[in-house]
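**Q** Sequence:
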Amino acid sequence: MEYRVSPRNGEEISLLGFGAMRLKTNGTNVDMPMAREQIKYAIDNGINYIDTAYLYGNGSGSNEKALGEIIEELGYRDRVYLSTKMN
0 MEYRVSPRNG EEISLLGFGA MRLKTNGTNV DMPMAREQIK YAIDNGINYI
50 DTAYLYGNGS GSNEKALGEI IEELGYRDRV YLSTKMN
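Residue numbers (numbering that gives the first Met the number 0): 0 to 86.
Among the clues, some could well be false.
Result set (BS3-like, lysine-lysine): computed pairs, CA atoms no more than 25 Å apart in a straight line [what the hints assert, rightly or not]:
#, residue 1, residue 2
1, K39, K64
2, K84, K64
3, K84, K39
Simulated from the structure, these hints should not be mistaken for laboratory data.
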């Protein structure tokens with residue numbers, strides 16, 4: 000994995016990011032086992048930049064909530080940089 004150093008804090012951020020928009024849903028909610036597998040795979044393979052948004056998933060913050068729960072459960076919070084958007 001290639002990284003670039005952030006000019007703001009000197010931290011290394013992966014050139015490739017994980018776009019959480021397409022976390023699998025079962026109609027209305029994030030499919031947590033599948034999402035956990037996807038996120039774990041990305042981070043374990045060196046991706047440390049994750050992009051999400053309130054409207055991703057079912058449009059009510061479910062994507063951000065699921066992402067936060069999974070990262071906390073995996074104990075990976077200190078390994079990733081999160082980016083979100085609002086409209």
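**Q** Just pull the numbers of the violated hints for me, sorted ascending.
**A** none
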